[in-house]
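Based on the hints, put chain U in the right spot on chain Z.
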Amino acid sequence: MILTKAQYDEIAQCLVSVPPTRQSLRKLKQRFPSQSQATLLSIFSQEYQKHIKRTHAKHHTSEAIENYYQRYLNGVVKNGAAPVLLELANEVDYAPSLMARIILERFLQEHEETPPSKSVINSMLRDPSQIPDGVLANQVYQCIVNDCCYGPLVDCIKHAIGHEHEVLLRDLLLEKNLSFLDEDQLRAKGYDKTPDFILQVPVVMLCPLAVEGHIIHWIESKASFGDECSHHAYLHDQFWSYWNRFGPGLVIYWYGFIQELDCNRERGILLKACFPTDIVTLCHSTA
Amino acid sequence: MAAVLESLLREEVSVAAAVRWIARSTQSSEDSPGEAAVLNSLRPLRKEFVPFLLNFLREQSSRVLPQGPPTPAKAPGASAALPGRPGGPPRGGRGPRSQLFPATETPSTAAEAPLTRRGGRRRGLGPARERGGRAPGVPEEGVVGDSLSWAGGRRLRGSGSPSSPSLTLSDPPNLSNLEEFPPVGSVPPGPAGRTKPSRRINPTPVSEERSLSKPKICFTSPPISCVPSSQPSTLDTSPWGLGLPPGCRSLQEEREMLRKERSKQLQQSPTPACPTPELGSSLPSRTGSLTAEPADPSRVSSPQRLELVALVYSSCIAENLVPNLFLELFFVLQLLTARRMVAAKNSDLELSQGALDSLESPLFQSIHDCVFFAVQVLERQFQVLSSLDKGTLKLLAENERLLCFSPALQGRLRAAYEGSVAKVSLAMPPSAQAVSFQPETDNRANFSSDRAFHTFKKQRDVFYEVLREWEDRHEEPGWDFEKGLGSRIRAMMGQLSAACSHSHFVRLFQKQLLQMCQSPGGTGGTVLGEAPDVLSMLGADKLGRLRRLQERLLAPQSSGGPCPPPTFPGCQGFFRDFILSASSFQFNQHLMDSLSLKIRELNGLALPQHEPGDEDGESDVDWQGERRQFAVVLLSLRLLAKFLGFVAFLPYRGPEPPPTRELQDSILALRSQVPPVLDVRALLQQGLRARRAVLTVPWLVEFLSFADHIVPLLDYYRSIFTLLLHVHRSLVLSQDNEGEMCFLNKLLLLAVLGWLFQIPTVPEDLFFLEECQVDAFEVDIAASEHGLDSVPVVDQQLLYTCCPYIGELRKLLASWVSGSSGRSGGFVRKITPTTTTGLGAQPPQTSQGLQAQLAQAFFHNQPPSLRRTVEFVAERIGSNCVKHINPFPTHPFQLPQTPLSLLQGDVGGRSGAPGRVTSSGASGDTGTGRGRSSPVVGDLVFSAVSPWDPGIDPGAGVLPKEEPWGCAGTASRGNPSSCSKQCREHCRGACNRQSLCVAVGQHYSAD
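Residue numbers (the numbering used here), protein chains in the order written: chain Z, 1 to 287; chain U, 1 to 1007.
Pulled out of the complex, with its shape left as it was, chain Z reads as follows:
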């Protein structure tokens, strides 16, 4: 699941040419049968997010908002049960749940006369039944359910996956009889930066090719694919901060990463796609 830059570029290139739907994901899987679905999905999701980020501003001009709102109103007037909003989002190539947010914001502005707070909107998106207008609630619900990359449902899934992998990692650590502190314990102790796990007694990870092992003080679990964009953001916000405080450590990208990104080994940030097997602990002689 560790891809070279070239392999990754090929997949990303392929994604540019297809619409961000589940069908295209299936096609992608046929095209790259050797890659696991989770990896492809993760890449797919990241690429889609990049795409949305690029076009985000375009959909947020006041004219565009007004335009979408009018089209929504016209659509629901014709047929309130039809997936008007979803189709609109697909048509203008924007994420359905983000489209739903735009329309909801616009709707609330019109009906409440005070600009709605972010938390209100978020909670309405999470639970569309709170939306005062039944038709809009239905439309928003359709968007959220059908969005495979954004929205509270996806966030929830992502969070669950992330947590799942953390639990997985914790079990592995327990199984290996490694003593650790988890994020919550660290926070309770007042740490300003908290990786998922800090090993109380460091271990050495042996690499098949290098003679020298790498010392690991902390482990961060990332239930995603490590592409350049996300990795650099993580490096800046998390990994280097961990290094600055706890020394060298390990990042596990469960869905793989671009091989070339693993360039900070000597500096003390290791990338892996799974829990390392070849570990030497203090006083457990390998000989």
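Hints were generated in silico from the structure; no laboratory data involved.
Wrong hints could be hidden among the right ones.
Cut-off 20 Å, straight-line C-alpha distance, at most; resulting in silico cross-link-like pairs (PhoX-like, lysine-lysine) [what the hints assert, rightly or not]:
id : chain 1 : residue 1 : chain 2 : residue 2
1  : Z       : K5        : Z       : K272
2  : Z       : K189      : U       : K458
3  : U       : K458      : Z       : K193
4  : U       : K511      : U       : K458
5  : Z       : K158      : Z       : K50
6  : Z       : K29       : Z       : K5
What follows is chain U alone, placed relative to chain Z:
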């Protein structure tokens, strides 16, 4: 002065008496009445003798070493050589004397008069004049060098390049010589030296420059300022002047006389002792071919005379009457390796018998003379030589001239070489890790507000980001610290000031400084940046060698002569530039506070922790533990003191001393009321009293090396310098009394003090001041019997680490072997190529190595108290084991056997490394460094805990970077009950673990 030397040569006075006369003001009863009479008459000149002798020797040798490596000398009014920027042979360097008092002396007193007068006057004139006088013509350049080295630090004052401009300036006097002395002029030494593409050229400051500085020198002495200064100096630079005692030089009549005499001698000379000064003979040297002239003992011109001078000179060295021991050695080695003599005038070649006794004939008339003299001196300095590193000894022992002139000395050197231990590169494991986050000191509770907490969180990340960027880029050409990082650093400092969390940041800064720069070179690049794939293929053994190779390739070719100015090598440069770029007053103040505290703390550490023979039945482990511990503490102290000096004197630093006396007085008035940043005088006095000079003096020297020009004039610091002088004088190497300081300890102090005395900001007359003030600080040394000074804590490694400039001796000798001094700048990089093929099959890193790494990493992220606890527990268990197993340890050497055989099966079997539990030799390498007490069992316990690999040097690595050792010892000593309670706590629930270390650690973390 010359009179003294002459009376010596005439054997009116014995050498011993003369040296006694120089060293002590009172005359000894051993002196014969005749001697006493002679010497008494010369009494006022006493303190002028040594500077005179040093200058005299350098002047004499200038013909031999016209283009060679520098021979700096910093005797008052002596050579023009600035320390570290040695002006080469001080041909034109005797400026002050000849300038200030030209042609005013009567012939009869020519030798002494100028000196006495000068001496008296110089003191009255103050530093401004001394500066000018010391380096005629150089001030301008010194200014440039100064400001540059302070501002950017990239340019060493001692490097060859800055001085090259003056090279061209050195020609005119020689040319004018041409006109004045036609026979000589055809072979001007200057141009010959210049045409050689030598990197080491250290041109002599010359008359042009000197005329620039003339006003400075003469502003208080109108009559003298009228004298055209260029004339004497022109004379000086001629080969003529070289051989003349200073007093005679300026006298035209004497010159004439000498000329006649020499030409007379030449006619009588059957075999020219030095190459016939034909045009042809000097041509090869012009073209740069440097075939060395063979030296022949049988052709020495006047052995008795040379021997006498060598004896006096050696005695002065032995009595520490010279400011810098290693500088003199360097000079002597230069003489030994002189390639050829610059062709002398025909008339030089011969001496009448009468002239032999006087100083009027040149001392060194040929290469043979030089080598003879050098070997004579070296023979008397054998003790020092024998403590040099193996490489130097080898080169010396293999020197064919030395063999030829003194086979006995060669034999001794060879023996010393064979007995010498191989020099190991201080391979401390790279430790450029970040300072670990400790919740006790770093969590929210330690900050006044959320904002301060979060600001500091960001600062830490910015700091390391900056550090990483520096690591990556500082070696790129054209990268500039200030441009690249300056604004980021200042922005961060601004936030810090707003959030008032300076103290936190300073603590981080200081800890990081200690972590990164403690290793000698502090070469940071190897630590973070590298991708040692090839290196790792080579395995640990070859790694050390490659590291040394890298050191050699990366290190500047020369450390800037035998007296380089203070610098910030490697990672230290980052911290220096950081301080400069941050330019934050608050930060500097906090930093000084923090550094001062840490220095006090480390300086006060109880070292050695084990009184000799206080533990039960210990065997001598060769003081390994103490040495390592001492080295860590000393290097830390030196680093901290260096930065304290840097920051403390930063606001006062200027390129030049104040130009006028009035200005200087007002500055002095201002500065004298400022309390010192750290009461170093008290610390020094304490150190001397407690016989811990070997710890205190080296860091104090680092601190003082950053002093500005005014500092040595302040009463407070002047008294420190006086005290240091007193210490210097008292460190006579040949005296090896019981309970005295150990030889290498002394040598370290002599080396660092000698270096300090050559720092440009230290007035050079300081050293030769009368010792009258010393009594004011009578130091009561008898206080403690077991001071640190009498413990052999310094080894060769530490000596070379603290004083890398001693390595210049080796470079000089190596350049002789290579014969390429002219081309490659003084020494060869002898590098044997190695290959990586066939090494791929090397077994992966040993498990011991990994375990050591792991243990080190474990302790790194734990609070220091944990390590101290573990050490304490290990020690106590070890000690108790010994007592339990062998309650009557009668014979120390019996000890290793008994418990071993008993325990090996048990503990060794469990640890899986029974072979590790062996002789006491290995115990020196146990991580504890406490091998001296119960060495074997200590080793045993540690072997059981984690099989240390001695090769990995866990001791050095495991040592806590910020609180080396001593605290543990003192804590446990001071309050054993609390400590053992602590241990019991830690050990609770640890029974299931095989390893004590981990058990304690995990239990600790689980709390």
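Which numbered hints are broken by the structure, listed smallest first? Every hint satisfied by this model.
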